[in-house]
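Chemist: The chain contents come next:
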Amino acid sequence: MSTTRRNLLAAPAILSVLGAMCARDAFAQAAPVRGGTLIYLEQQTYTNLYPPAGGFYPNGGVLNQITDKLTYQNPQTLEIEPWIAESWTVSADATEYVFRIRPGVTFSDGTPLNAEAVARNFDTFGLGNRELRHPVSEVITNYLRSEVIDPLTVRFHFRAPSPGFLQGTSVIGSGLVSLRTLALPFDQLGDATKIIGSGPFVVARQVLGRELVLNARQDYAWGPKQHPHQGRALLDTIRIIVSGEDSVRIGALLSGQAHVIRQIQAYDEGRVQSRGFQIFAPSTRGVNNSVVFRPDNPLVADIRVRQALRYATNAQEIVDTLFSPNYPRATSIIASTAQGHVNLADRLTYDPRQAVRLLEEAGWTLGPQGVRQKDGRELVLTAYESPPQPRNKDTLQLVAQQWARVGVRLNVLAGDAGSRVVDSLDPAKTPVAPAMVGRADPDVIRSQYHPLTRNALLQTGGVSQRVQSFNDARLNGLLDAIASEPDRAKRLALVGDVQRYVLDQAYVIPIFEEPQVFAAAPRLRGFGFEAVGRPSFYGAWLAAR
Amino acid sequence: MSGANPVAGVVPVRLPPLGLTLAWAVVGLVLAWAVVPGLFAWQDPLQGIAGRQLEAPSLEHPLGTDGLGRDMLARVIHGARESLLGAFLAVSVGLVFGTTLGLLAGARGGIVDAAVMRLVDTLLAIPSLLLSLSVIILLGFGSINAAIAVGFVSVAHFARLSRSEVLRVRRAEYVEAAFGSGGRFLAVLWRHVLPNALTSVLALAALQFGSAILALSTLGFLGYGAPPPTPEWGLLIAEGRDFLATAWWLTCTPGVVVLAVVLSAERISRSLGARRT
Amino acid sequence: MSRHLAQRLGQSLLVLLAAFTVAFALLQALPGDAVLIKFLDSTMGLTADQIAELRIAYGADAPLWQQYLHTLGNFLSGEFGYSIRAGVPVARLLAENIPPTLLLASLAFGVASLLAILLAVLSQLGFGWVRGFARSMPPFFVAVPVFWLGIMLIQVFSFQLGLVSVIAPEPWEELILPVLTLAVPISAPLAQVLIRNIDTVLNEPFVAVARAKGATHAWVLWRHVARNALPSTLTMAGVLFGELLGGAVVTETVFGLSGLGGLTQQAVANQDVAVLQAIVVLSAVAFVAISLAVDLLLPLLDPRLAVRPAGAA
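Chains as they are written, first to last, in UniProt numbering: chain A, 1 to 545; chain S, 1 to 277; chain C, 1 to 313.
None of these hints come from the bench; they were simulated from the model. Quick reminder that beta carbons are idealized off the backbone N, C-alpha and C, glycines included. Just so you know, not all the hints are guaranteed correct.
Where chain C lies over chain A, by a calculated footprint (3+ residues, C-beta under 8 Å) [as the list claims (entries may be wrong)]: (1) 97 to 110; (2) 188 to 200; (3) 244 to 257; (4) 413 to 420.
What follows is a set of in silico ranges between Cβ atoms, one per label pair, in the way DEER data are often shown [claimed, not checked]: (5) C/GLN160 x A/LYS490: 55 to 61 Å; (6) C/LEU9 x A/PRO387: 42 to 48 Å; (7) A/ASP150 x C/HIS70: 34 to 40 Å; (8) S/GLY140 x A/THR37: 42 to 48 Å; (9) C/SER2 x S/LEU22: 53 to 59 Å; (10) C/TRP129 x A/THR237: 20 to 26 Å; (11) C/THR21 x A/PRO387: 29 to 35 Å; (12) C/TRP129 x S/PRO62: 31 to 37 Å.
The following block holds chain A by itself, in its conformation from the complex (with noise of 0.2 Å):
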């Protein structure tokens, strides 16, 4: 079902991809070609590539050329495939897993890819290392310890039911790397040339903020086992230039400088493709770009406050403003190309009237100044921005803009990044922040709302110090049972579940699902994507002039 939605929804995509194919006939068809060096136009510079840390985007845009996981998760189908796994067994109740791994494997260093790499690597994700700062990773739960059986088949041991921990092999934070890269402390892995991986490209130097240069792996012989290329990459380089500038990559890309652009607004989409160049705008299958309440915040505590908030956004005006059809109106919490996503389009209706009488119901009644007020406290809300998320100032003026037109006002701030992290971790502070997380999962979920992870909500028990008292024990053991429900289609129910529970109490106003967009030059070919956006440029290829 999701696959459906995801090609529909790239279907201007394709439908300009074949437009510039077609105009170049026979050559299109001709076999790809090797060697050439790539340019590639990041936004933001990669701050640090401990495998984990992927998430960020830059760091994941590096981390999956260097790197390779354990399995693979089929982008168009999301079902987990072998990669450096040759095959795996899971026991009945996800506490153990069992992995075979593909012999031959090396490090661009030379040392072996085996059971006692596999197993340290996923030692350090699960449990985190003290001594070296290395965090522990989010895609994993329950982790008690590994065991080596033999140099290739290597088991993992959990505390508890562990059902995601399969899919998490295949994201872009479990990337395996050399032991000697496991040894460095975490402040040292900002270093791109002191990541080892087994990847089809290796780093070959680097300008710190500026540049990053991959070259082909030549010996390199394990990609995914179901990938159309295979052997080594097409490309003989890479080179991942920091471009900070949104017009500069966009003239940059339309005047032949650079072949593939990340992070496109939406307004420059039009202009891109009519002059023949591809857009990609694979969903992060996560998350849905939202605004979510801190009700640990006396203002939004009344559940009829955030009803009335949810009531008052108007999700498809901005998206008709803002965004393209790239940018799908949201349907649920999270994206409708998510695992176990449920349309609760019904309950996410704008309803500005429905949205005065709950505050009126709620006590707060309009003041002088068009604001509302209750006990001589206005209505005021306060939000800061969220610099990576696309064009996530505008999305906040307009709904402040909205909210407006009911007497609530919201102040959107553009802070500094310590006054923002500072702040943001005090509910009485920022009673409303964006939010997003891209992982295809059910477990992304948890990760996001959940007080020990990202706890967007801000319940307590999590890394804020500020919160007084909210926690939602019902939510947490929802999410937690989804973490540790070994059959799927319990788990997926649960998800359900989770989804309306979030919606009933107004939690969270979902916007729209986020899609990482990249723009790239009509000779590119064979462009890929991991299952959540990050760029793969395993098979790609530059077609001749």
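Got chain A; can you put chains S and C on it based on the hints?
Modeler: Here is chains S and C on its own, set in the frame of chain A:
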């Protein structure tokens, strides 16, 4: 920060007074924008019309609409208040603190002079952009705070200039005489030194006015501008640049307005400076 | 003379210490710190305990005066600390980023000087409209935001005309547009000072005398103006240096160049205090050195100044 150099002072030129008239006209117009924006702009600068975003200039929207469907002309006109106020505040901060320091140093001399001038050196030695960014982060984001940050950086320039002016005036015979005839320090300072030193300080202030607008714009570019939806010229230029490929007028029209105001300020500053010689 | 020199040196050291202290105080007062910004990021998935441990490991929890003395001692022994953001020693970041900025800044300064001289010469020519044009250029140059100029130059010369490449350029073309972007605003004050000096000198009585004796216009300009303009331009050098550094922040951000400017911008955004402290000290040293050099050079260039002490800040 964005290039205007205050110590450069002024160039006496024999341009026709037409330029000066025009400069005052520009300043007068934007002042009127700032005081009664409703007379010039009939559309809402803050509330956009959804679905009418990024329209090209037309009769209805003479400067087009921005990414949220807001009328650009209204935003430019309403932006005058925030921008002029910001620039005025920035210059005031520099003028008041800088001139006080400079007067004190120049008039007292000795240890006070040495101490003040080392302080000024210290302010100059720290990169100005870093200084103003830190001040903004400390005070919090907002147009007033950004203006204070910009003004803070210019304190050193005003202090240097006013000190050298005071030294020049002090050597004048009538001031020596006033001091000699037992005039109280502050009284002489107020009656004789300040008025004479003030012309070139005011010329610098007019010049700083233009560069303050530019500095505020640079802060917006680096992401330290006023929070939305405030229309402020520097921010309009900085935000509009992202639309360059699709709607170039969004960054160019506020740019032209700023250019006109800065050029006018410079022209007026020159005429103020010229009156002295 | 040597006593004066010692006094100036002492003052310079005082300014350096003051700059270090002011910077330290400012940076400590900022909300949050680099450890929080980097590790509180939810994708890192650290617990509150782990973050507290990290803060201790980075010394972010020690009393302020201890941190101050510790940092000061480190700087005196040439130890700049560790960049939390980039995960590499600050010394390495500086070593990588200083040379490109130095090249950019000195080329820009050179081009700016040429531009200023050109405008100054044009401002003295006979044709009225050329004079007017040359004289209105400096204020015009000052009135254009640097980032805007950079973006426009890229659009026109690289993307529309295709003359130079800005993404992955050849070494020779890499700096053309950035140098131009940075040179334009720097040239404005230089040109203004030059024009003002020329005008002043040409009004002096001795010029009329020289003219009466049959000297050509060009000779007068060369002989008298060059000698008078140089000192006043030199006194601006220290301030211009600050302008260059500020301009480099913007220019390097627009063009995506690596250098001190880009490093500063990143460090401010992430409150990478060790990097910022090093940048402040470095630029303060440069500023103080330039001021000192100018003070010592001026009397050599202009004998009239030799008698009076050059302490005029």
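Chemist: Evaluate each hint against the coordinates.
Modeler: Okay, the hints, checked on the actual structure:
1. A count of 0 residues in the segment 97 to 110 of chain A with a Cβ less than 8 Å from any Cβ of chain C is obtained; the coverage claim is therefore unmet, three being the minimum.
2. A count of 4 residues in the segment 188 to 200 of chain A with a Cβ less than 8 Å from any Cβ of chain C is obtained; the coverage claim is therefore met, three being the minimum.
3. By the rule of at least three residues with a Cβ nearer than 8 Å to a Cβ of chain C, the coverage given for the segment 244 to 257 of chain A holds, with 9 such residues.
4. Three residues within the 8 Å Cβ limit are the bar, and the segment 413 to 420 of chain A against chain C gives 4, so the coverage statement holds.
5. Distance hint check: the CB atoms of C/GLN160 and A/LYS490 are about 60 Å apart, consistent with the given range 55 to 61 Å.
6. One distance hint, 42 to 48 Å for the beta-carbon pair C/LEU9 and A/PRO387, holds here, with the actual separation near 46 Å.
7. In this structure, A/ASP150 and C/HIS70 break the distance hint of 34 to 40 Å, their C-beta atoms being roughly 52 Å apart.
8. Hint check: S/GLY140 to A/THR37, Cβ distance near 46 Å, so the stated range 42 to 48 Å holds.
9. For C/SER2 and S/LEU22, the Cβ-Cβ distance of about 56 Å falls inside the hinted range of 53 to 59 Å, so the restraint holds.
10. Here the CB-CB span from C/TRP129 to A/THR237 is close to 53 Å, at odds with the stated 20 to 26 Å.
11. For the pair C/THR21 and A/PRO387, the supplied restraint of 29 to 35 Å holds, since their beta-carbon distance comes to about 33 Å.
12. Checked against the hint of 31 to 37 Å, the pair C/TRP129 and S/PRO62 passes, with Cβ atoms roughly 32 Å apart.
Hint violations for this structure: numbers 1, 7 and 10, all remaining hints satisfied.
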